[in-house]
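Kindly generate the complete structure, drawing on both the sequences and the hints.
Per this note's numbering, the sequence shown starts with residue 202, numbered consecutively.
I should point out that these hints are in silico values taken from the structure, not numbers from a laboratory. Note that the Cβ used here is the ideal one computed from N, Cα and C, for glycine as well. Careful, some of the hints might be misleading.
[Claimed, not checked] No more than 20 angstroms apart at the CA atoms, straight line, and that leaves these computed lysine-lysine pairs for PhoX-like:
#1 235 / 366
#2 366 / 391
#3 370 / 424
#4 235 / 370
#5 390 / 366
#6 370 / 290
[What the hints assert, rightly or not] Distance windows between CB atoms, simulated:
#7 321 / 232: 41 to 47 angstroms
#8 292 / 206: 39 to 45 angstroms
#9 405 / 292: 26 to 32 angstroms
#10 232 / 287: 21 to 27 angstroms
#11 318 / 361: 34 to 40 angstroms
#12 289 / 204: 48 to 54 angstroms
#13 350 / 292: 30 to 36 angstroms
#14 287 / 364: 18 to 24 angstroms
#15 204 / 366: 23 to 29 angstroms
#16 401 / 357: 36 to 42 angstroms
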Amino acid sequence: FQPSLANGLTIAVYTGMLVGALFWGLSADVIGRKHAFNYSLLISSIFTIVAGASPNWIVLGLFVCLSAFGAGGNLVLDTAVFLEYLPSKYQWLLTLMAAWWGVGQLIAGLFAWAFLPNFSCAGPESETGEPCNWQTNPGWRYVWFTSGALVFAMSIARVTVIRLKETPKYLVGEGRDEEVVETLQFIAKKYNRPCSLTLETMQACGISEVEGRRGSVSAHGKKKYSFGEI
202 FQPSLANGLT
212 IAVYTGMLVG
222 ALFWGLSADV
232 IGRKHAFNYS
242 LLISSIFTIV
252 AGASPNWIVL
262 GLFVCLSAFG
272 AGGNLVLDTA
282 VFLEYLPSKY
292 QWLLTLMAAW
302 WGVGQLIAGL
312 FAWAFLPNFS
322 CAGPESETGE
332 PCNWQTNPGW
342 RYVWFTSGAL
352 VFAMSIARVT
362 VIRLKETPKY
372 LVGEGRDEEV
382 VETLQFIAKK
392 YNRPCSLTLE
402 TMQACGISEV
412 EGRRGSVSAH
422 GKKKYSFGEI
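Here's what the structure looks like:
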């Protein structure tokens, strides 16, 4: 594309991640961590695939920004979801999640290693005399297609195979005590651990009505879709 702003994609990525982190971080308190977590990853994967088909530099920057919008939201939500499930004595494990950055960059690097040397033009048309277009230079597009397809498959697996449940902390704030007990009992049963929590013992600890719970917890506004909640 021979862009006039060579750093345009870098700016697009970090702008998208910043806006995405703010948007999804706030919306996760309204619609729940589970939905925001799944939607943000799906959005990132779809726009990553679409970015590979971009016809020009401006459109590529737009789709890269939208892909990063989803990725930025997922970045803040994976730590939040993990932390809200972790027992306090194991919260040091949160720092280990940074290792996934290295794994992701390794996979992206392997994709680039596979495609770029074999499916790239020799250089700009002005220097080589040969056109550098979709037919002669599809390598970078293959990297986007493959990366997006991998994340798309993982986002589908997150809904169909892993089936993440809503975090207990969010459910407590929403006054959904029965689902809190159900989730914790499910985890205990799955990993063969004892769990003595029941709905009766939990409700004995405080207000169980949704409206009352919302009014008594500072993390929430009195109404779900309100300025106070945001």
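Here's how the hints hold up against the structure:
1. 235 / 366: 7 angstroms, holds
2. 366 / 391: This hinted pair holds, its Cα atoms lying about 13 angstroms apart.
3. 370 / 424: Roughly 18 angstroms between the alpha carbons, so the hint for residue 370 and residue 424 holds.
4. 235 / 370: Status holds; Cα separation ~12 angstroms.
5. 390 / 366: Satisfied, since the Cα-Cα distance of roughly 14 angstroms is no more than 20 angstroms.
6. 370 / 290: 17 angstroms, holds
7. 321 / 232: 41 to 47 angstroms: Given range 41 to 47 angstroms: holds, Cβ gap about 42 angstroms.
8. 292 / 206: 39 to 45 angstroms: 42 angstroms, holds
9. 405 / 292: 26 to 32 angstroms: 27 angstroms, holds
10. 232 / 287: 21 to 27 angstroms: 22 angstroms, holds
11. 318 / 361: 34 to 40 angstroms: 36 angstroms, holds
12. 289 / 204: 48 to 54 angstroms: 49 angstroms, holds
13. 350 / 292: 30 to 36 angstroms: At 34 angstroms between Cβs, range holds.
14. 287 / 364: 18 to 24 angstroms: For residue 364 against residue 287, whose Cβ atoms are near 19 angstroms apart, the range 18 to 24 angstroms holds.
15. 204 / 366: 23 to 29 angstroms: 45 angstroms, violated
16. 401 / 357: 36 to 42 angstroms: Given a distance of about 38 angstroms, which is inside 36 to 42 angstroms, the answer is holds.
Violated hint: 15 only; the structure is consistent with all others.
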